[in-house]
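Engineer: Order-wise, the sequence lines are chains L and P. Each residue of the first sequence is one higher than the one before, counting from 1 in the numbering used here. Each residue of the second sequence is one higher than the one before, counting from 1001 in the numbering used here.
To be clear, the hints were calculated from the coordinates, so they are not data collected in a lab. Here the structure is a predicted model, which means the values were calculated and not measured. C-beta atoms are modelled at their ideal positions from N, C-alpha and C, and glycine is treated no differently. Honestly, I wouldn't trust all of these hints.
[Claimed, not checked] Here are some chain P residues pointing at chain L (derived, C-beta under 7 angstroms):
| hint | residue |
| --- | --- |
| 1 | Ala1052 |
| 2 | Arg1055 |
| 3 | Gly1111 |
| 4 | Arg1343 |
| 5 | Leu1384 |
Protein chains: 2
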Amino acid sequence: MTGTGSLLSHLECRSCCTRVEADRAAGVCPTCGLALFAVYRLDDLDWGSWSASLRDRPRTLWRYRELLPVRGSEAIASLGEGGSPVLPLTAAPEAPDVRLLLKDDGGLPTGSFKARGMTVAVSRARELGLRSLFVPSAGNAGVALAAYAARAGINATVYLPERTPRPMKEAARLYGATVVELPGTLREVGASARSREGAGGSFDMSTLREPYRLEGKKTMGWEIFEQLAAEGMPDAIVYPTGGGTGLVGMHKAFQELRSLGRLERMPRLYAVQPEHCAPVVRALHEDAARVTPWDDPSTIAPGLLVPAPFSSERILEAVRESKGGGVTVTDAEIVGAVRDLARRDGVSASPEGAATYASLRALVRDGRVRSGERVLLYNTGSGLPFSITELESAVAASAAA
Amino acid sequence: MTGTGSLLSHLECRSCCTRVEADRAAGVCPTCGLALFAVYRLDDLDWGSWSASLRDRPRTLWRYRELLPVRGSEAIASLGEGGSPVLPLTAAPEAPDVRLLLKDDGGLPTGSFKARGMTVAVSRARELGLRSLFVPSAGNAGVALAAYAARAGINATVYLPERTPRPMKEAARLYGATVVELPGTLREVGASARSREGAGGSFDMSTLREPYRLEGKKTMGWEIFEQLAAEGMPDAIVYPTGGGTGLVGMHKAFQELRSLGRLERMPRLYAVQPEHCAPVVRALHEDAARVTPWDDPSTIAPGLLVPAPFSSERILEAVRESKGGGVTVTDAEIVGAVRDLARRDGVSASPEGAATYASLRALVRDGRVRSGERVLLYNTGSGLPFSITELESAVAASAAA
């Protein structure tokens, strides 16, 4: 085996501080049931020689292998994910004096940022000897699990809400995964999936219910840091928030960078949610410790239809510690932003990604983003699977209802 | 203006050797009407310092800016294109002793390799002061032109055959391009588009009818060379051939590398075409100097529905000089290959890209690819816009007809 040089030490719960051994498969904290976090021996990283060695590594997220949990390179199931571009955007009329950047994960394998988490989690699952994985998903995560499980030669079962867009169901099946369609929202589908799987030996790959998808998502933060080394970190990062791992992951990356003495000021993290499914934004406004489930959620952005994200304590913590906040947008604003990004900047964004652009007006109006600031918007997925006319029809239908 | 260091010298026709000034907009050879090629002052490139400087450049194809035609970096309209991964594939039962690699352009902006040509051609068009561009397209090229024209702030008109998949028509419109749907094949649409545009001032961006899309495509060859520096060039490259610029572009890259003293043996280039639209393969078999138009063409792979590629002299030359050849596949084999790549390797390929995988059986059977060889397949586009059930229905319908 060729070692990756991973500095993984152990797993740790950030709520009750329980420590868990890392080299056996682990889900949530055995004490309190919340998310476990990977801890690395950062003191063993020699920054100078490490950052010099990065120059000659391929651009995939595996370039950060010392800070990822996989110990042997043979276990890595990669489709070339990571290293997505940071694009300058033209000045938006809604925020004329703000310098906009867009980190575009639309070109990642399977068309979304979910590839980041799944390449790491599936590779680690293979290394730990797991032979069968399942995930409840709004769509993209299920497709990503199916692709990486196929790459790794592991069985996968994907549980999807019946109303998931058909192309996503088809894609997961194409990769050879078992696809189970269930009624209800992602929350209900998740509960039902876990009850069906029981202790049957298949491993739950749900967001934050296993510790390593977060490590893959963390590379979003590492890449922003590395790609903006010359011009410096942005003042704020605006992120479309469904399950919220991206926020928690970027925050973890920035914490690691701070521990390594490389980051003084953390960018403010803003969570964008659709007005009819905004549990994280509501909890931020109410100063709550955790999210309460959103009743009767709806939005045209499938990845944001998450009424009760798991381990929301960590999402709220990430936003608050960064001195960021929450903001909501309407579905009509999201569709308008898809159009604006395409026409003004030649960018094809998913509805989720476009939601960040849609939020600029409110962020500027409320003084949370100020003139002269540099703001990075995160596009989490490709616009290719979405039809603009179908999105517009959905908005019109919901306005008429 | 910040100079790119472009070593562009002039344009040249490879058929009649006419030289054309490069710093004015130019289409085809004014003498013989065939494609013009960009010529660079390669002697002025100091290989040692140049290749060292590549280490610190972003991964986009603009890293090769000295060998691209754009002189000022302000003109560059980029969406982060290039640097696509080269993935090892598992051994295919159809070619068990062949080591397979897949270069995957599915994650490029707008979902296909067309981004390579258009980022360069549109940037150069902007630099040369062109304000309005048009292209007849089977779909992907039109979408790419629309996106890059939006990025560059230039008007674009896209002419598409009526039977182009709807998502492509919609995407081109979303970027703000004027979309004109016309009856017939791409050949007929092209003729009609050129007659409508006449001398109206809009510039024809058709494959090989303007000299700089080829320069963008050339980066496919440069990337393969750079990404496989450690293990060496593949023995063969298998490429899905519609307009054929990719073959001509890779061949040009390898010629440049040879001129620079960096390449001894050129990989054999194989052109894959569908059995019912195989003008290039037929011309290769008949040892013809140029392609004759294919009557009544049909295939499920829209990018391969090109019955009479322009400047086919250059395509045939590239294949012959590399000691490669042509191979056909059926639509059913293409769909089977889409499935196999997804299940065996976790790869989502376009039908065009999957055609290369489908051709392995014939290439091995005929002894054109041999045991122990390393073969690179080129996936030119994302599988995301395609539905496997629709592809299968199309095959079944055509079998029944």
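Engineer: Regarding the hint that Ala1052/P lies at the interface with chain L, is the smallest CB-CB distance below 7 angstroms?
Structural biologist: violated, 11 angstroms
Engineer: Holds or violated: the hint that Arg1055/P contacts chain L, with Cβ atoms closer than 7 angstroms.
Structural biologist: holds, 5 angstroms
Engineer: Just to be careful: measuring from the Cβ of Gly1111/P to every Cβ in chain L, is the smallest value less than 7 angstroms?
Structural biologist: holds, 5 angstroms
Engineer: Using Cβ atoms only, decide whether Arg1343/P comes closer than 7 angstroms to chain L, and label the hint accordingly.
Structural biologist: holds, 4 angstroms
Engineer: Any CB of chain L closer than 7 angstroms to the CB of Leu1384/P?
Structural biologist: Result: holds, 5 angstroms to nearest chain L Cβ.
Hint compliance for this structure: hint 1 alone is broken.
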